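Enquirer: Residues per chain, in single letters:
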Amino acid sequence: MNKFLLLILMLFSNLTFGNLIYANEIDLSKYQGKVIYLDFWASWCGPCKESFPWLNQLQKKFPDVKIIAVNLDKNKQDADAFLKKHPADFEIIYNPSASLGTQFKVKGMPYSIIYDRSGQAKFNHIGFSQKKADQYIQEIQSLREPKK
Amino acid sequence: MQLKVDQPKVLKVGKIGRLITHAAMALTCTLTSLPHVKAEASSQTEKKSGYFSGLRNWADWSGEIGLLGYSETEGRVQAIEPGINLNALFDGDRNWNIKLVYDALTGSSPNGALISDQPQTFTSPSGKANYTTQPGDIPLYDQFRDSRVALSTSWSQPLTRLLKGNIGLNASKEYDYLSMGLNTSLSKESEDKNTTYSLGLSYTNDSINPVGGTPIPLATMVAAGLPQPKEGTSESKSTIDLLLGVTQVINRSWIVQANLSLGLSSGYMNDPYKFVTIHNDTLGPSLGDPASYIYENRPDSRTKQSIYLASKSYSKYGILTLSYRFLSDDWGLTSHTLESNFNFALNRSWRLQPGLRVYTQSAVDFFRYSIGSGEALPSELTADTRLGDMMAITPGLKIIKKLENEREISLLLQYYMQTGEKNPATAVGSQIGQDLFPDLNAFIVHFIYSF
Amino acid sequence: MNLPIKTFTRKCFLKTEAKVSNYKKSSRTLIFFGFSMLLSACSSLGVQPWERDILSKKEMIFGACVLEAGFEDHTYFSKEGSSGGRSFSAGGCGCN
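Protein chains in written order, with my numbering: chain A, 1 to 148; chain B, 1001 to 1451; chain C, 2001 to 2096.
No lab work stands behind these hints, which were simulated from the structure alone.
In this text the structure is predicted, and so the values were computed from the model without any measurement.
All residues carry an ideal CB built from backbone N, CA and C; glycine is no exception.
Here are the simulated lysine to aspartate or glutamate pairs, EDC-like style, with alpha carbons at most 16 Å apart:
(1) A/Lys49 / B/Asp1060
(2) A/Lys34 / A/Glu91
(3) A/Lys30 / A/Asp64
(4) C/Lys2079 / B/Asp1384
Ranges between beta-carbon positions, derived for each pair:
(5) B/Arg1252 / C/Phe2077: 33 to 39 Å
(6) B/Leu1100 / A/Asp78: 34 to 40 Å
(7) B/Leu1100 / A/Gly33: 57 to 63 Å
Given the sequences, and given the hints that come with them, work out the whole structure.
Expert: Following this line, the structure appears as structure tokens:
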């Protein structure tokens, strides 16, 4: 009975928080032709809290940029609680086994990789700080505009 | 489209382990832990206006407000110490800290003289009055209501991605004491942030203006109203402390720390208000009775070194913190301090933390309960029991209430029990059977709100 | 994938520990050096960046409670013959 309730709750929370997807791999080729901002985060990480509102703004400013935020929490409930406090207007992928952390050689929390339109990883950032936000924007901007 | 994701290299260590010697192995380990040289995004200076400048929080405040209550049993020293500690965090990585503590002290503390079955009369520090201690009572001097203000501030910021620097200033002022210091520290994280090395250096200068002047070391106490054996009004002391530390993450739920520290002090280290009893050492009914009192004298330099080891480990039952400090100095004092506590959740918002501290100390070389009137006076001498053989046990319980947004309130209750050798082998005549090292018991309460 | 590293560090740990016990009789200071060598030599111990959930808890951070540590140091400093050695008094409740 409890498990049933839990299941309903989980389903409900999935609906509430949008595309919460479990995944052990990401197929970035789906977004070929787009600039991709791949973010790795966890609920306990302080700078991640700061980064979410910024990512929302980023998505608003550049709707053409594909933002994927991979959650590496062991427990989904922790991620849910985080998302309740810091809602995300971009795609969230849930990876409790953290296999993607290993695959993408995540070096800190949060960690971001920015891909150009051809799928080449161009920039990566360990951590997040408001101080560097302008720099991130410039980098994304430079990848959006075709080089002259 | 193929994304090139290079896999992390797996160390072929089994083979190496079998082949190379221990020393070479340690070297290999060290090499693998060396930070990798990598290009780093240049740390930019502030920009006038960014795309999302509105998002910027110029300072993110956190801190603590707290109160220490300290009360010795039998009406000795009572203290109330409110304090505030504030941190202003800028851009998530630069921190300004300020800490202010006020301390109000009342009551009386031991003047160093030995308990006796005779009434004892002492001259007060000012030299203008005297006070009498009844037979069998601990000789205490009525500590003037003293208050102390301590202020410290520090700035810390990253110097590179893995290197962090800190500089600080501190000052404290009491009625007869002024202390000022500066400190700096560096901490370096390994590339994987699992190891942190730190190095700290501090310099402190204290100036002491004893009430009634500085007593001439080892001079005999003179009755009130007569010219006093005082030689000056102001003394000073300076201290340099050096600290080396390593913090290591062992695994997901275990972290350890080791610190090595060295302290060098020079200057005036006497307690100007402490006496040493000179007892009658001629055989007869008055053997052991106090004959006179002299002012103490300590060496004018002290070198101490200590090792501190600490561990924090998490299990589903709670968090266990253990620490041990070994300290020794060139005064001949060695001490062992063992601290432990276990922090566990009662429910979602309440936590409990029982703890125990055990401290033992061996006396400094120049500690004596009292000295015989026929003995040659040593050049250094103290009867301050804080420098004698002793042990102390502090059981405690902390009650923590977790609040929203990582704020919390905690109440720590402790009972401090200090005991020493009550009947030392050196006791003679009337001293035998007296409690020559009275126990010190105190209730300690900390109330802290952190935000 | 982490397994070889773990076996490696375990070996490293034990060996250095054996070395520490040899020094034990000669001097306590050397224990410290042994300990810190153990730490620096085996810094492949540790966790991945996304495994810091527990370590980021306030209770798991050394020196997180500045006021409490200050109160304790002040109390013991005024009643006992030894003080210091625990940590730098600097820093705050920075829990990142």
